[in-house]
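2 protein chains.
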Amino acid sequence: MRVETLVIVGVGLLGGSIALAARRRGAAGRVVGVDGSRAALEHARGKLLVDDVACLSDAAAAADFVVVCTPVDCIASHILAAAPACRPRCLITDVGSTKAGIVRAVEANLPPGVAYVGSHPLAGSEKHGPQHADAALFERRQVLVTPTPRTDPASLERVSAFWHALGATVRVMDPEGHDRAMALTSHLPHVAASALSGVLPPELSGLTATGFRDTTRLAASNPALWSAILQANRAAVVEALDRYAEQLADFRAALEANDRAALEALLAQGKQVKDSLPKG
Amino acid sequence: MRVETLVIVGVGLLGGSIALAARRRGAAGRVVGVDGSRAALEHARGKLLVDDVACLSDAAAAADFVVVCTPVDCIASHILAAAPACRPRCLITDVGSTKAGIVRAVEANLPPGVAYVGSHPLAGSEKHGPQHADAALFERRQVLVTPTPRTDPASLERVSAFWHALGATVRVMDPEGHDRAMALTSHLPHVAASALSGVLPPELSGLTATGFRDTTRLAASNPALWSAILQANRAAVVEALDRYAEQLADFRAALEANDRAALEALLAQGKQVKDSLPKG
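Chains as they are written, first to last, in this note's numbering: chain A, 1 to 280; chain B, 281 to 560.
Derived from the structure by calculation, the hints contain no laboratory data.
Warning: the hint list may mix true and false statements.
In the DMTMM-like style, the derived pairs of lysine to aspartate or glutamate whose C-alpha atoms are separated by at most 25 angstroms in a straight line are [claimed, not checked]:
#1 B:559 to A:203
#2 B:407 to B:331
#3 B:559 to A:134
#4 A:279 to B:483
#5 A:279 to B:494
#6 A:279 to A:51
#7 B:559 to A:214
#8 A:127 to B:494
#9 A:127 to B:555
#10 B:407 to B:494
#11 B:327 to B:387
#12 A:279 to B:414
#13 B:407 to A:264
#14 B:559 to B:494
#15 B:407 to A:275
#16 A:47 to A:58
#17 B:407 to A:134
Stretch-level coverage of chain B by chain A, calculated; a stretch enters the list once three of its residues show a Cβ under 8 angstroms from a Cβ in chain A [said to hold, decoys possible]:
#18 354-364
#19 482-494
Even for Gly, the Cβ is constructed at its ideal location relative to N, Cα and C.
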């Protein structure tokens, strides 16, 4: 798989890493960066993440493959802004952490001849900005690709081959199933980490150790990016929060009752799931 | 600071690490291990964590310094079992994650001539057993030392010097203040991580990535050890859980109301605390 002209819209941590990985692995002949931030573009060109920079319509007109890496609440409009300028056989994907709303908005409005398939790489960091771009970010990571009944098989194959070329494995899911799963595997952990950090009185920060630090790592994420993600999946996140609140209430009840067996059973349930996770 | 005969009661991850660190750093002339598990003792002697093994009373009779590293619900009784055999000027400490109950039980029953000061090293791991012992475990870590009005200054100084000799820094707190602080910095994170792991449906485990993995690291901890810790500090942990539940309810309300500003403010609150933590 080799793309002639790869366009990255949004050259932050993910977009910059895709650009860098595609160049290093020879997955693209030429990489063009598009970003609303002049500083991000200058960094991307200065550090050779991209060959060139351009405005969205010029870049789209030259593209064979477009990856939109902007915040989730901007992705659909960036795709729909790029699409009319694209040549036939151009393929567009994105890296949004939610999929159903984006896929719905895009499919209803895409001009003929341009293909779109949603993607979500399970890779990232609480850091952001192209200065943290990492060519190895996708190696041995999963990318969830979310076709619909309207997706043509060749486009699905092409987008999968692109992610394979960056070192990732690909898993196909429907957009709604994706969002329900991510509510529990990713969005709830973000809220849990943030709330845990938020309730720590500042005068106790010097008494934290590695346990608090790891459990709250995600709390360092960008609040604007994450409020958009949570909003884009809010029904499923509310459901996940309710399930979490129930489990915490069970812990509270076991403590109130001073019930060792109940506490141990709850902790053992968490440990069993934890111990069964794939090792990373 | 050099102890002639150091006795470690409970040669697990922490006890084994103290033994190893004391030997490597010349902080003890001789290290004797005591443990109810023959396998742990054989491992400790085989891997040269300790010079010798003995039963509790024989070890105590030879000791200049005793560190009790058994589960929190056994610590007070192990201290009180060792104390009558100890020689005058022997100092006993422990590494329990809770302090108020242990200190109260010990101080009320300690024979004259034997000194006790509580300790809690902010170091450890979700792993356990002497096979994970690490001589560097205490380097640049904090040890919280919890004297009371009955503690003589020389004992406080001696126990502090011991931890310094293993590479740690020492912070003095009263036992009750220690427990209230740990409810938020350590015990709540354990419950939050365990509950988060516990609500993940097993069929989604293959869709987790680094975010879920780090947020739930503590869920791998030993359920028996941790149910004892949570029970030993249950009033403060219930209070911390209530505070956490309120913060999570605020997130839920902001999502229900689709209120971007409220969500972003909550996430920013978590980020501010997180960003202000000492770097580890």
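Results for each hint:
{"no.": "1", "hint": "B:559 to A:203", "verdict": "holds, 16 angstroms"}
{"no.": "2", "hint": "B:407 to B:331", "verdict": "holds, 24 angstroms"}
{"no.": "3", "hint": "B:559 to A:134", "verdict": "holds, 22 angstroms"}
{"no.": "4", "hint": "A:279 to B:483", "verdict": "holds, 16 angstroms"}
{"no.": "5", "hint": "A:279 to B:494", "verdict": "holds, 12 angstroms"}
{"no.": "6", "hint": "A:279 to A:51", "verdict": "violated, 36 angstroms"}
{"no.": "7", "hint": "B:559 to A:214", "verdict": "holds, 12 angstroms"}
{"no.": "8", "hint": "A:127 to B:494", "verdict": "holds, 15 angstroms"}
{"no.": "9", "hint": "A:127 to B:555", "verdict": "holds, 12 angstroms"}
{"no.": "10", "hint": "B:407 to B:494", "verdict": "holds, 15 angstroms"}
{"no.": "11", "hint": "B:327 to B:387", "verdict": "violated, 35 angstroms"}
{"no.": "12", "hint": "A:279 to B:414", "verdict": "holds, 22 angstroms"}
{"no.": "13", "hint": "B:407 to A:264", "verdict": "holds, 17 angstroms"}
{"no.": "14", "hint": "B:559 to B:494", "verdict": "holds, 16 angstroms"}
{"no.": "15", "hint": "B:407 to A:275", "verdict": "holds, 12 angstroms"}
{"no.": "16", "hint": "A:47 to A:58", "verdict": "holds, 22 angstroms"}
{"no.": "17", "hint": "B:407 to A:134", "verdict": "violated, 31 angstroms"}
{"no.": "18", "hint": "354-364", "verdict": "violated (count 0)"}
{"no.": "19", "hint": "482-494", "verdict": "holds (count 12)"}
The structure fails to meet hints 6, 11, 17 and 18 from the earlier list, while all remaining hints are met.
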